[in-house]
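Q: Got chain A sorted already, so can you dock chain B onto it with the hints?
One-letter residues, chain by chain:
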Amino acid sequence: MKMEMDKENIVQAVVIMDTFNSNFSPLTDNKPMGFLEVAGVPLIDYVLESLALGGVGEAILFCCQNGQKIKEHVQKHQDNKSLWSLTMDIQILMSDTCQTMGDVMRELDAAALLKGYFVLAGINSITNMNFASLLEQHKQTCKKDKGTAMTLVYKKLSWEHPLISSDRSTFLAANENTKKVLVHKRYRPKSKEKIISLPLDLVLNNSEVKLHHNLVDTNIALCSPTVPPLFSDNFDFQTRDDFIHGILINEEILASSLYYTLLKSNQYAAAITNWKTYQTVCRDILHKWVYPLSIESGLYSRDKYTLTGNLNFVENSAMLSRSCVLTENTLIGAKTQVQDNTTVTKSIIGKKCTIGNNVIINGSHIMNNVIIKDNCRISNSFIDDNCVISEGSNLHAGTIIAENVKVESGSDLKGRIECSIDNDKKLQKSESSGTEWEESSGSSDEEFIGFDKVWSDSESCYSSISSADSSLPDSPVPDDTKMFLQEVIDSLARGYDEKLKCDYLILEINSSRYAYNIQLNEVNFFVVRALLSMPVLSEAKNVLTTVKDILKYFRPVLANYIKSKSSIMDCLRAVEDTCLNCEWLDGKSGQILHLLYEADVVDEDSLVDWYAELKENANPFVKQPSLVKFFEWLQEASEESDDSE
Amino acid sequence: MHKILEFQVVVLAAGKGSRMPDVGGSVSKCLLPVGPYPVLWYPLKLTNNLIFSDVMIVVLDEDKSNILNALEKCPLKIKYELIVIPSEEDWGTANSLKHVSARINTDLLVISGDLITNINLNDVLNLHRKHDACVTTLFFNNGPEEWIELPGPKTKSKPDRDLVCIDKETERLVFLASASDFEENVTIPRLLVKKYDALSIYSRLLDAHVYVMKHWILDYIVDSEKFTSIKGEVVPYIVKKQLTKPNNLVEKKGTSEKNAEINKGIFDYAIETGYERKIREISAYNDHKHGNKGVYFNDTLRCYAHIPSKNTFAIRVNTLSSFYLSNNKVLSKWQDLTGSSLFERFHPNSEVKTKQIDDNCTVGEKTIINEKTSVKNSFMGSNCNIENKVRLTNGILMNNVTIKESCVLQDCVVYTGATVGTNCSMQYCLIGPHHLVPESTKSNHQLHAETTDNMITLG
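Line by line, the protein sequences give chains A and B. Residues 1 to 645 (full-length UniProt numbering) make up the first sequence, in order. Residues 1 to 459 (full-length UniProt numbering) make up the second sequence, in order.
The following block holds chain A by itself, in its conformation from the complex (with noise of 0.2 angstroms):
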């Protein structure tokens, strides 16, 4: 049935189907990525029509969890005969073993399925690109330079745009002739550096350099065959970041570089990679912008969306009140009821939802087989499947409601994730870090509709996580940091095991230091909490005497850090954090404190002026009973040697 494709010539598309974060966590926790809904669609679905659309003859999935799920869906399509079906094969690849970005590259090149050159792309890319065309540039580069490892592929918009200001911005400075990327950085969201810095020889050396900053990352780039092996040769690149920089700093090593293009006009490129996101594709979707996917996409039979002016989409199947009022940009599912007096704004409703009387909602998503009952309020929130929301309640400022969630009836929730422990519909309340939504005031440009806070402000795709099984569960540190602690930790633990020479150690230190561009405050920090999380320490029968011996054998590396003053607070700071971490340590910051100061690594000004700062502070961790003792005995000491003199 497939026609008869010339082998040699089929365009080869790689797709990472997890995004190895959690910024749409707990939605993701249980099902792929992929069967995420953006405007009623799974993602998978558009990944693969857009991809069939574009050109693209083999497809391999590559799925690191829940990849049996996957299979299922390709395969249920494939008997459908989807449209992308017919022209595309599709391979499916599992491994449970795979972490980050750079272990799925290494599997797939240990697989050898790759013939040439192919398209690597993620599952939250929603475009409308052709990619077959774009390989062909791509080819077309490597003959002009031989070296060439990757295109990267981008897409040009202002500044102000959510898809740019809410997201992880990219910085890129090419050479303007041959569109070769020089210089490639990432910022955090809403970061307030004033100044770019470009090497001086850099800017002479290429007669013009472009410079952008308006790009939005479509996470897909054009790759030739060497990419894989060059991820296989450096276990260090985890992400496609760590590819981009490892290529740019190592270009004479490697003997590779990187390119980029940016996209046509009439052509649509995003990438999922937070709710904020999530909330502008969904109404570019809507839009009609990714052309020609669509709100239908991926269905067996077209044409089930009725548009009745001003943006609202409803399915045939719905059943919609006479009273009710959709005023723009909805979008509602098929076989969804929504009842009298009912308003609906800006939001998109699944299948199979029962939205009672007197609802009003406003800029929300809410999944399939949703029931909402009278008189909510719902705003700028996003509902998952199976929820149940009950009279009267009022949801706003960027409330998440996992699956199965029951929400009694007349609740508040405001900025909150809302996810239920085995079905048993225990409501679990979560107000960690992630949810602080933004209320609708302050945004200048237009109306403000949905979440307009990113997930968690680290990450977006791609990124890795091979940290978060660290000692240190639940510490506020940036990946970078955090990898240099498990670096610095690893060092010191060998050094205590196999004896090794503080100097050696020191110097690993500060290379792994100048590694992860970490600062001497951050470094001075990092060590002392270093040397209290080592591995023996948690298995230690005695912890103060392994602390004890630690600090001795290693009194040569405190020395080397520990100096001045402001040294000595970072090292009393290390210690805080330390005990509150910790559990090993728990309860015990005084007798920690009172080594330090017999160790002569701190002195006892320091600790009085660390003390009150954090008597200052108010700081709970002052009235642990350990440290009130030590401060005790610190002053009558202290006492004492006045008397003494």
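No lab work stands behind these hints: they were computed from the structure. Among the hints, erroneous ones may be present.
Distance windows between CB atoms, simulated [claimed, not checked]:
1) B:Ser180 with A:Glu252: 26 to 32 angstroms
2) B:Leu191 with A:Phe621: 37 to 43 angstroms
3) B:Leu191 with A:Asn310: 34 to 40 angstroms
4) B:Ser283 with A:Thr308: 55 to 61 angstroms
5) B:Pro86 with A:Arg188: 55 to 61 angstroms
6) B:Asn286 with A:Tyr291: 46 to 52 angstroms
C-beta: ideal position from N, C-alpha, C; glycine also.
A: Showing chain B alone in chain A's frame:
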């Protein structure tokens, strides 16, 4: 008839040629010969194409009479007026502008006196008019300067390079600095890269030193007294100030008149008197595609840069290499540069007795070229005397030069009043003004001149 002037033109020709090699004695840069005419003639010729034809030329005191003499002999339709500045004091270009400021009551077009190009200046003026800019500049993107073997001792001077940041979409000039201002890293405000979509940072542009300025900028230069150079200080300052938003005027009203006078910033000068702002607000025009900011991002100060297409001919005669190169090229580009062909390659009052002289030569007034000489690709000024049996290839002879019998000169520059003795053989040499090269000198890549340090004579 009273004419309403839109622009007044100032040609700055008081440069001392500090980038030229020291050949002893004074050589005015603007009088260096390029083809049959002095350098200064070319920028003046350029203004011929413009509708306004009153030109002020700022020159050094000591050069005035020489320049007047030289320009008299050149074909020029425009009216020009020489304005002298003292030779002894080291005045910068901004100082020169201050000096002429009293005579200027319109917007201003400043042209460097050493620019040779075939560009139509109206392109620059139109860009200025189109965006109601405060400063518009001109840069050439002609790739690196061609390498040719130069006369004189070999040097390894590296010219300082400008770093120019231009938004290609809007032609806004957003960043201007010299490469020597930075050591390892170039720092650029991040805001710039956010604001403009198509920002390019160039490092190999040739700054034409052509500036179109609003009249208020001149007032600002005069009042602020902190500027000496237009290129080095005034323009970078204004370019930088584009990012600043003007202070709220209401706040200032509280302070006394005196204080306001002292604290007058650039925005107090950049006041639009007419309906410009209102027109901009009403107009549907916007200069950038993305984003929701108003036209020009509502900036008061706007600097623009025009970059003509790559095949434009442009050279600034301020170094030995560009001087030499311009002579090399000028005849082949003559039609382009002047819009007419060169009829009189040999001045009617000259005596050319040899037949071995090719089409790529020009001969000045009262110059005598004797029999049995062979001349190729060479330019001879006025009152030169070339004796018998001389072979001259790729040479530049200024005025009053004497080349004695049987000399062989290849790729040499001979300055005013110099004499080359009999039977010399010289290649790639510079012969300084009024210098006498002794008989039978043989040399290669040398400077023969009475320099300030000592007299160099080489055999």
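Q: All hints, please: hold or fail.
A: Right, here's what the structure says about each hint:
1. B:Ser180 with A:Glu252: 26 to 32 angstroms: 27 angstroms, holds
2. B:Leu191 with A:Phe621: 37 to 43 angstroms: Roughly 40 angstroms apart at Cβ, these two residues keep to the hinted range, so it holds.
3. B:Leu191 with A:Asn310: 34 to 40 angstroms: For Asn310 (chain A) against Leu191 (chain B), whose Cβ atoms are near 38 angstroms apart, the range 34 to 40 angstroms holds.
4. B:Ser283 with A:Thr308: 55 to 61 angstroms: 37 angstroms, violated
5. B:Pro86 with A:Arg188: 55 to 61 angstroms: 57 angstroms, holds
6. B:Asn286 with A:Tyr291: 46 to 52 angstroms: Given about 26 angstroms between the Cβ atoms, the range is violated.
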